[in-house]
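Using the hints, put the two standalone chains together into the complex.
Taken in sequence, the protein lines are chains X and S.
Per the numbering used here, residue 8 is the first one in the first sequence, and the count goes up by one each step.
Per the numbering used here, residue 438 is the first one in the second sequence, and the count goes up by one each step.
In case anyone wonders, no lab produced these hints; they're calculated from the structure.
Ideal placement from N, C-alpha and C gives every residue a C-beta, glycine not left out.
Accuracy of the hints is not assured; some may be wrong.
To be verified - Output of the computed footprint for chain S on chain X, the stretches with three or more beta carbons under 8 Å from beta carbons of chain S:
{"hint": "1", "region": "516 to 530"}
{"hint": "2", "region": "585 to 591"}
Said to hold, decoys possible - With a straight-line cut-off of 27 Å between C-alpha atoms, the simulated DSSO-like cross-links for lysine-lysine are:
{"hint": "3", "chain 1": "S", "residue 1": "K798", "chain 2": "S", "residue 2": "K512"}
{"hint": "4", "chain 1": "X", "residue 1": "K798", "chain 2": "X", "residue 2": "K808"}
{"hint": "5", "chain 1": "S", "residue 1": "K493", "chain 2": "S", "residue 2": "K590"}
{"hint": "6", "chain 1": "S", "residue 1": "K578", "chain 2": "X", "residue 2": "K568"}
{"hint": "7", "chain 1": "X", "residue 1": "K561", "chain 2": "S", "residue 2": "K578"}
{"hint": "8", "chain 1": "X", "residue 1": "K810", "chain 2": "X", "residue 2": "K798"}
{"hint": "9", "chain 1": "S", "residue 1": "K555", "chain 2": "S", "residue 2": "K666"}
{"hint": "10", "chain 1": "X", "residue 1": "K798", "chain 2": "X", "residue 2": "K668"}
{"hint": "11", "chain 1": "S", "residue 1": "K798", "chain 2": "X", "residue 2": "K561"}
{"hint": "12", "chain 1": "X", "residue 1": "K667", "chain 2": "X", "residue 2": "K798"}
{"hint": "13", "chain 1": "S", "residue 1": "K562", "chain 2": "S", "residue 2": "K578"}
{"hint": "14", "chain 1": "X", "residue 1": "K849", "chain 2": "X", "residue 2": "K859"}
{"hint": "15", "chain 1": "S", "residue 1": "K798", "chain 2": "X", "residue 2": "K568"}
{"hint": "16", "chain 1": "X", "residue 1": "K870", "chain 2": "X", "residue 2": "K859"}
{"hint": "17", "chain 1": "X", "residue 1": "K808", "chain 2": "X", "residue 2": "K667"}
{"hint": "18", "chain 1": "S", "residue 1": "K776", "chain 2": "X", "residue 2": "K568"}
{"hint": "19", "chain 1": "S", "residue 1": "K555", "chain 2": "S", "residue 2": "K578"}
{"hint": "20", "chain 1": "S", "residue 1": "K618", "chain 2": "X", "residue 2": "K530"}
{"hint": "21", "chain 1": "X", "residue 1": "K154", "chain 2": "S", "residue 2": "K798"}
{"hint": "22", "chain 1": "X", "residue 1": "K868", "chain 2": "X", "residue 2": "K852"}
{"hint": "23", "chain 1": "X", "residue 1": "K657", "chain 2": "X", "residue 2": "K720"}
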Amino acid sequence: MPPADTGGGEQPHKAHRQSKSGAKARKKKGKGKGDEAGGDQKNPKAFAFKSAVKAKRLQSRAAEIEQRRLHVPIMDRSIGEPPPFVVVVQGPPQVGKSLLIKCLVKRYTKQNLSEVRGPITVVSGKSRRVQFLECPNDINGMIDAAKIADLALLLIDGSYGFEMVHITGAGDFSLSGVTGLADPCPLPSAAKKRGLRDKEKLFYAPMSGLGDLLYDKDAVYININDHLVQFSKNDDNDAPKKQGKGNDVGVALVKNLQNTRYSVDEKLEQSFINFFGRRPAAQSMESNVEDNVISASQQDKKDANFRNTGTMESNGHSECSSDSEEENDDATQINDRDVDLREEVVFHNGRLRRRAVSTNFEDVDEEGTDEDEDEDEDEDEDDSNKEDSGDGQFSGGSVSSDDSGEASDSDGESENASKWKESLLARTLSSHSANLMQLVYGQQSSKLEGMVSKDNSGETDSSDEEFFVPKGQKKQAKNELPSFDDIDAEDCSKFIKADQRDWSNEQLINSIRDRFVTGNWSKAALRGKELNENGEEDEEVYGDFEDLETGELKEEMEIRKQLNISELNELDEDTRVEIEGFRTGTYVRLEVHDVPFELVEHFDPRHPILVGGIGLGEDNTGYMQVPFRITATGWIQEFNNSARIVKKIKLTGEPCKIFKKTALIRGMFTSALEVARFEGAAIRTAAKIELGDMLKRKGENTEGIARCTFEDKILMSDIVFLRAWVNVDVPTYCNLVTTALQPREQAWQGMRTTAELRRAHNIPIPYNKDSVYKPIERKTRKFNPLEIPAKLQHLLPFKSKPKDTPKQKKVPIEKRVPVVMDPIERRKHAALQQLMLLKHEKARKKRIKEEKKKKAYEAEKAKTELLTKKRQREERRERYREEDKRQKHEDTGSKYLPPTLASVAEPAEGPPQRLHLRLRHGIEVISSPDLFNISTPNLITGDGNNQQFPILLGPGTAMQTMYQLINVGGQAISLSKDTDGYRFLG
Amino acid sequence: MGREKARRLSGSRHFRQRLVLATLTCSPVTIEDIRSGDAAPGLRPHEVSLLRLLDKISDHHSIDLNETGTKLRYKPGVIIGGKNLEHDCGVHRGIGYFLEPLILLGLFARAPISIRLKGITNDTKDPSVDTFRMSTLHMLKHFGVPIEGLELKIDSRGSPPLGGGEVFLQATHWIEEGMVKRIRGVSFSTRVSAQIEHRIIYAARGIFNRFIPDVHIFTDHRSGPTGGKSAGYGVSLVAETTTGCLLSIDATVSYPNVDEINDDSERPELMSPEDLGVQAASMLLEEVAQGGVVDSTHQGLLFILCALCPPDVTKVRVGQLTPHAIETLRNIRDFLDVKFIIKPDPNSNTVTLKCMGAGVKNLARKIS
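So here's chain S without its partners, still in its complex pose (with noise of 0.2 Å):
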């Protein structure tokens, strides 16, 4: 009747979440202009990859996408989970971004998602799997939802599965930050010496030093067929304050992607792994720095699940505002219907988020 059909956005921007939040929110979505000026337009294979995911992990859903991919209309269906998925990520984006949406999806599935993934573990865009094993999947757990129906598992660095479970979210009051108790991490490398790990490690605790002494990077090297098809070595950090806020941060170095390799043949000279040791601890002092529960990677996946809650107060306090995040508060606005109040605290440069969840409930789900 009056009701509008089918929400009408433009653009590639931010297309993990605006199909994330019309899933949840069941509303379907037509994206129309994505990439029409560029020269190669269209989805990225990427981003049809998450549509396969999507298509995979879900049930009576439509997805239409045009010739030229500049135009989809999705209906969002339930979302059904299951055992026993596999999903091949591709080589354009690391796991991570798929991990990210999985994670909301995963907990308003039917049953539980139990999948293996396929790509890369580490890249420069996207937060690496040690970031997700170590605080992402920690995060969860101020919104009431168990550790332990979480697991995600690396395999081999390339393909890790990962095990979901869906639970009733609560709402959360999380504002105090704490003070840094200890820095832990992992490096990894695959296919490079077992030495660079040492050297990344010792550059970073260079830094630390100065700050904490109760800093332990972990090495996880790895070589022959799981260490996957190409070079590189990267770390990722986390420092944990003394109230259980996790802040993490990853650096990775390794040669570009397979679609930049094609510009320029020539192979580029790779930071040195001192430089990425000195990089990473830089980043995650930056964090430390800004303040915040969570750092600046997790705070779009904050706000969503803030606005997922029931109908209750949720307060967190995160550092500045990224423009992801901010996107994704515009988002959760357009979506969930939800507004955040946003107060500035001068006092410690930090942000102070209050929102009534949207009550979002799991009805695939079937109450015993």
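If we strip away everything but chain X, and leave its shape as in the complex, we get (with noise of 0.2 Å):
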């Protein structure tokens, strides 16, 4: 290395320079500007479009390509490990699938898979899972297939080619639990420490028979391998022989595991631990038996906490202690920071309790009246209740959490009950305790729920009994302040405070004077400072967030997920699984009740059980308008609940009475009533003469008939009709697939159609007779001749007026007058007739002669003309060849031409031809003053462009015409364009 390059280590290397002349770059450039410009030099015409029909079919294509591939853009809501890629191997039977599976699975974990059932999860990579799963052969499994799938296989068996599959579900339900599960196989990224068991959990195939022990809540899936069962029944001969030893405790103990009839959690249904010594409170016995259970077990480390507040609830407990204790495990955090809260912890009865004592708040002997109620209160209660009585024992100034005094309620003392609304009330307004959440939400799991479940909108009937009230007090509680559990309370969304401090005490003034523009601004900024550093440190993020308005679409998506993420990750686990949701790729255990007990007897792992949810608004029957297109990612252009599906249809009349502009309709209607409802509608008459726009109501007495308004007079033969439109219904029709509930093997079969139903009954389809259409008879109409009556025709001008037509030669037959003659006048009317036919046979033969001599004497003519013409003809030539040689002689050189050229144009007996001559560029001389009979302007064109312009050619005219091609240059003129008018002959 040249030690310049080592001395300066952050030089920029030379940048390549691209040769920009030379026999490299000639290359290059031929190259493109061959690529480029040879379709346009070549054929232009043929890239040019030619139909127009063709260009819209290719536009519209190149649309539909720029369609496909523009998307939405849709914002990517998943945060943390990314699911596993779901790849779906799909192909008919008998191609290999299961291999396929098996192989892959080999690849990435180096583990034999025996069978493939069910998806099977496998880690592919430092942060990717792939789940395979094997299509189903039916129809309805391939379309779930679908619908998951990220990636689909498509295996063909090659004999056959693509072959076409001839041939799920169960319904909707609510879930009534959703819990989440650790990750079987979490991402080697995730996994805190790799142990040599790790290595097996590189894959999760729960229903292929192969994977780890697994912890599924309250179902263990242990896998042991086949060569590893030894206790199993079917292997209980063999097992003894392949041991060889005698019976071993831990052997025995398996074997018994595999007799018993009875799960643990049935068994322990059936027993029942009692932790106190005391009986349920009963109404919440059913839904905690199995808390109970699973608490005393303690299986599930995680949910034990709220399960066992459960439990100490279902005991009958106040709920006061397990409020407070799951607030200080929820919200530790918040009482952390409040400083003035400290915990007491408090031994009572046995048992523990924890109270929120306040040291330095402001408003106590606000409260303390408050509080002192709430004591008595809670006394009542308790001393009612009979239970712990340890509850009231709150000094003044001592925020015991605050959900005691709600949940006292829930018993109900009616005539306490507006007092400690109050109190309540006052509370939420003064107070800014941790558990705000709480006192908005409410706790379900504790007693606190009478309040809750009215909160909640009296989703429970109890409740409501509770508020049989006596009217009075009813209406006292209403003149107070809004309270929580009125629940006719007024609907107001404005709060007015009760009192209203004096502003001009210089006190209050100073306490708010920071927070105008006119106040500190040190201080103020202090104060949102200071909130920052409580909650959000995202600062920056929430600037970038306002300067990222005119951003870009999917970059201001990008800082949207950032700040979400970043608005998440603050908050504990639980509050954010509440707020959010469990994220994608989380294992989930989803607890769905009342599902047919098919569902689970017929669960087949080759047909994965696929749940979906419903979103807002989806659940009810409606008409989506979308577009499809061939690709298939289609979005719903409308939603609509009801689709506008009409008929139309024709209602005819006719008129029974007309008078000026307006008739009596008949027909059209059948009541009033009818007629009332078509108002106003436009009608039209058959020969759309009228258009008539009203329709008014007429007959009391004559039923549907109206009376309408046309533009003009209708006649009585018009026919009247209505156009209007009739909604037409469209059956909803919804049947759930329901191929879950029974085996796969079996081909689903619905509900049968009606259609179906009368195929196979062979009904046929009922119709109103009305409603067939019947040929239209109508008489052929006709017309009477018009006619003007003759006052009127006094009146027209004479254009208009009705001419008197030419009186007829022939008068008619039945006019004529028959005459009879007698016999002496018919033999003189017979003889005049023969006379008469002698004339005219004499007159005929007399033409024929004269035609028959005619015709001979032209033919003789004819003859003679022939002869005539050729002799002329000769003549001509040789006087032509005469003169031709006698003017050779005398004008050798010379550039005139000979006169004779008057008969190059055109024949003499002609009528004046108009000459077309060709000038050329050049200009020749020519004396021609008799030889042209020219007496009007002449077109002349030129020989380039047809275009026609006129020339004077008098008797006094001379034309020059000089020859391009001797003058001046150019081309010569082809004998087709050359008139042969002028020709040089020189």
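Next up, the structure:
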């Protein structure tokens, strides 16, 4: 290495410089040019549009491709570990789907899979998991698989080619519980420490009989390899032989386990563990039995806290302790921050109680009285309930967890109700206790339930009954401030403070002085800063957010996502799950109640149960308008609860009485009600002459006759019709495909449709006879001739007056007078007729004779003419030859054209010809005074563009023509273009 | 199948919120025991009027009311919206009562709502139309609703029309309260001397002068047909902070409502304009003292908007939670299944609320 390089390590290397000249550059240049311009130069027309249809089609295709590429940017809300990538392997039977999966699994995990049953999750990389799923061989299974597939592998049997396979579900249920589970095959990056056993966690296939030992909340999956199975019942006889040992204690225990008829929780359900030797409260018994069991067995450490709470409650303890416990567990953060609250742990009646005691509350005095009241109340309650009386030991100024006060309400001392409400409200307004969330949302597990359920808007019926209180009292409560439990409280968002402080007080003024721009800015800033220190450290992010209004959509999404993550990460896990829900890629346990037992009975791991959620508003039937494109990534354009599908209908009627511009129409409607319904509708007549626009109701006695107004008078023969639209109901039909509730081999058959039933039973489709179209029979209309009254005729102008038609020559037969002749007359008549016949015959013969004569003469004449022509031509030729000879002889070298040119310009006997003279660019002078018989301006075309321009050729005009060929240069005149008019002869 | 048919609720409280949330979540509700223990059971006229309004702007819904009016079954449909609508709000509650739900529904309507509401513009129970114009509509801005799409015009004291728009909400972080930089307001008087307004303003300004000089209160004196039918006067004030938060209050003096008049035929003594001015000013200062990005009246609306946002984290800060706000939070929890993380901030005596929006979409609207 040269020293210069080592010395300046940061010195950039010399950039590559492309050669701009020389052979290489030329090569590159030529290449690019040839590629780009080749098409244009060689055959530009080949790439132009020839047909508009084709162009349109091409355009739409381009748009389609563009659309396919273009998706509405959807925010990726997945946070944390990605869910497994679902690979669906699909293909006809016996094509090797299972084999492929087995091989892939082996490739990733080095484990042999004996059987592919159900989904198999494999950890394939540091941050990637792959879930293989063999697609079942029926259409429902395929549809299901398609819903979840990230990638589909199609296996084709080469000997068949592609095949169409011909051939899920249970219904909608509401979830009764979702619990997160430990990840059975965590990503290597997520796993804390790698132990020896971790190798096995590379893969999770609970149904394929492989995998790890897994606690799944209350179920346990154990996988034992085949060669390790020694205690299972099947091998009962073989086991001792293999082992060759006597009965081990462990072996016996395991074998015993196999003989048990009931599962552990079933057994426990029958037995009852009593912690405190008390009967559980009746109302919570059923719900908490299970909880007891589980908390007793301490299986689930994670939920122990919650469950203990439940247990406590079920055992009849007051809610106070449980609440404060939970509060301390859940909201330790909050408590820690609140300096003025400290915990006091009290042992009473063998119970551990915690109490939050406030030392420096300002509102102590205010609240003292309230608290006292609470005390009394609590004591009352305790006495009446004969429960532990330890609750009432609050001293003034201590804010025991607020819930105690609220909770006591559930038992409902009606006379104290309004008082405590007041106190509650007062506290709501004044105190900022740490458990605001509890105050707002209540605690489901505690006795606070009474209140919560009321706030829950009475989802439980029992709470309502407690509100049958004397009317007077209710009214009293109403007059006070809006309270929490008044189910008929006034709906008013305005909040009016009862007391009004005097803002002229200097102290008060100072208290909010800094909230105004006139105050101390630094102090105000401090106020915000403290908040940020407490809760949010994302001030910068917030600032970014402000800026990004102008930024790009994608960028904004990314920032928003980051913001979400930062906000959510502040929270502890439970709270986060509560507000965000479980993140993608989390293994959860879904608890669904009231599921048909067949779902479990006929469960086949090869058809995994697919669970999906229904969004807001998606669970009611409606109509959607969707563009489905080929790409099948559609979106809903419009969502409608009703679709208006209409049918055209025409109501017809005929006039029964016609007035000037109105008419009474009959037969269109059947009742006055119908007429009223259509008042104002547009009507028209069959002849489309008039457009009716108004429809008025007419008759009292005549049912269904309507008075209609038209633009003009209509005729009795007109058919009046009204065009209307009738709504057509589309029957809504929802039939769940419940294939999961039957053996998978069985073909699912839904309820038969009416059409299918009709077909099966050979029942014709019923129809309304009146709706059948019948051939319409109408009389052909006869139009009378137009007759103008005589009076009117006088007034009409002559043009419009009917003219006298010319007299007919032949008297019509009926008008002729019959002539009866006597015998003499008849003879005379006959004689005359004969004479006339003779005369006619003579004339005919004469005419024929003359015609013959004429023909012969004409033939003779033609013959002589032909001869004469021949002779004349000969003569002419002779003469021309002589003249030609003579001229050549006389004018050798002369540029003047001979006068004989006249003969070139068309035969002499024809009418004056128009001469189209082609003028070239050259000039030639022709003396041609007498030769052209031209009286009108002639149009002369130039050669190039056939544009005509007039040139007046009078007798005194001489023309100059000069041929380009000779003088100027240029192209020769082709023979076809030449008129032979002028040719240079020299 | 296993899903519950209708949400069963009882009592008439939070009638509006329940109906609005039911509509937005497309979940049918049955409200029972509406004032069943009351001497006059059943729905009040203004509640019936609200139902009629709902009936006007939506489609394919069903509203069943039993004879006594104590039980209501409501199955929401699609909010249609539309133009040239008209609604008579009656004389029992102010227009604010109807505007609050209407604003939320308008955001999720198929077509923009343009409606003329007739009724009381200012009363003691509901936020006045001035408050709506000056503060509520501006609040929506923080959720990505363009302010241009919203319009509220007061034709006459008594009948303001509202132009509505529909948009996509977006999550917001709104915690900076800032400092009050100016105070604006509108005072109104109908069928009384115009001088009264000046007396109100004079009194209110007297109090504000100790804090901030930038106080401007406009007067809106109405007489004749635009002044409605009864006498009254009042003022609404808005404090604008440096971060664009608007805290508003309003106070009105008028004779009691028609239903209350029957009890005592004698007309009660009304508060003097000076007292009203002092009261209004004190109320505004009270709101300022409480802190938060919105005033107490708008807490409920703010929370609902937060909950309707797309599933992003929304963060807002308010002063002390009002009972109405608390009830709103509970209703949100019940209907939308959205829970707020509520953190008190002892330093500033405020509460910070955080939530993940429910992602309610405007299904009714046609996508271009």
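Consistency of the hints with the structure:
1. Coverage of the region 516 to 530 of chain X by chain S holds [criterion: at least 3 residues with CB-CB distance below 8 Å; count 11].
2. Proximity of the region 585 to 591 of chain X to chain S, defined as three or more residues with a beta carbon under 8 Å from a beta carbon of that chain, is established by the 4 residues found.
3. Only pairs whose Cα atoms come within 27 Å are accepted, and K798(S) paired with K512(S) is accepted, the gap being roughly 18 Å.
4. This hinted pair checks out: K798(X) and K808(X) have alpha carbons roughly 11 Å apart, not beyond 27 Å.
5. Of the supplied pair hints, the one linking K493(S) and K590(S) holds, its CA atoms being roughly 20 Å apart against a limit of 27 Å.
6. For the hint pairing K578(S) with K568(X), the CA-to-CA distance comes to about 21 Å; that is within 27 Å, so the pair holds.
7. Simply put, K561(X) and K578(S) have alpha-carbon atoms about 21 Å apart, close enough for the 27 Å limit, and the pair holds.
8. As the CA atoms of K810(X) and K798(X) are separated by approximately 15 Å, the hinted pair is consistent with the 27 Å bound.
9. At roughly 12 Å between alpha-carbon atoms, K555(S) and K666(S) fall within 27 Å of each other, so this suggested pair holds.
10. Of the pairs offered as hints, the one joining K798(X) and K668(X) holds, with about 24 Å between alpha carbons and a cut-off of 27 Å not exceeded.
11. Straight-line distance between C-alpha atoms of K798(S) and K561(X) comes to about 20 Å, which keeps the hinted pair within the 27 Å bound.
12. With a CA separation close to 21 Å, the supplied pair K667(X) and K798(X) stays within the 27 Å bound.
13. Among the hinted pairs, K562(S) with K578(S) is consistent with the structure: their alpha-carbon atoms are about 25 Å apart, no more than 27 Å.
14. A threshold of 27 Å between alpha carbons decides the hint, and for K849(X) with K859(X) the separation of about 16 Å falls inside it, so the pair holds.
15. Of the supplied pair hints, the one linking K798(S) and K568(X) holds, its CA atoms being roughly 19 Å apart against a limit of 27 Å.
16. Only pairs whose Cα atoms come within 27 Å are accepted, and K870(X) paired with K859(X) is accepted, the gap being roughly 17 Å.
17. Straight-line distance between C-alpha atoms of K808(X) and K667(X) comes to about 25 Å, which keeps the hinted pair within the 27 Å bound.
18. For the given pair, K776(S) sits about 20 Å from K568(X) by alpha-carbon distance, which is consistent with the 27 Å threshold.
19. Straight-line distance between C-alpha atoms of K555(S) and K578(S) comes to about 26 Å, which keeps the hinted pair within the 27 Å bound.
20. Simply put, K618(S) and K530(X) have alpha-carbon atoms about 16 Å apart, close enough for the 27 Å limit, and the pair holds.
21. Using a Cα cut-off of 27 Å, the hinted pair K154(X) and K798(S) holds, with the two alpha carbons roughly 22 Å apart.
22. The straight-line distance between the Cα atoms of K868(X) and K852(X) is roughly 25 Å, inside the 27 Å bound, and the hint therefore holds.
23. Note on K657(X) and K720(X): the hinted pairing holds, with a Cα-Cα distance of about 22 Å set against a maximum of 27 Å.
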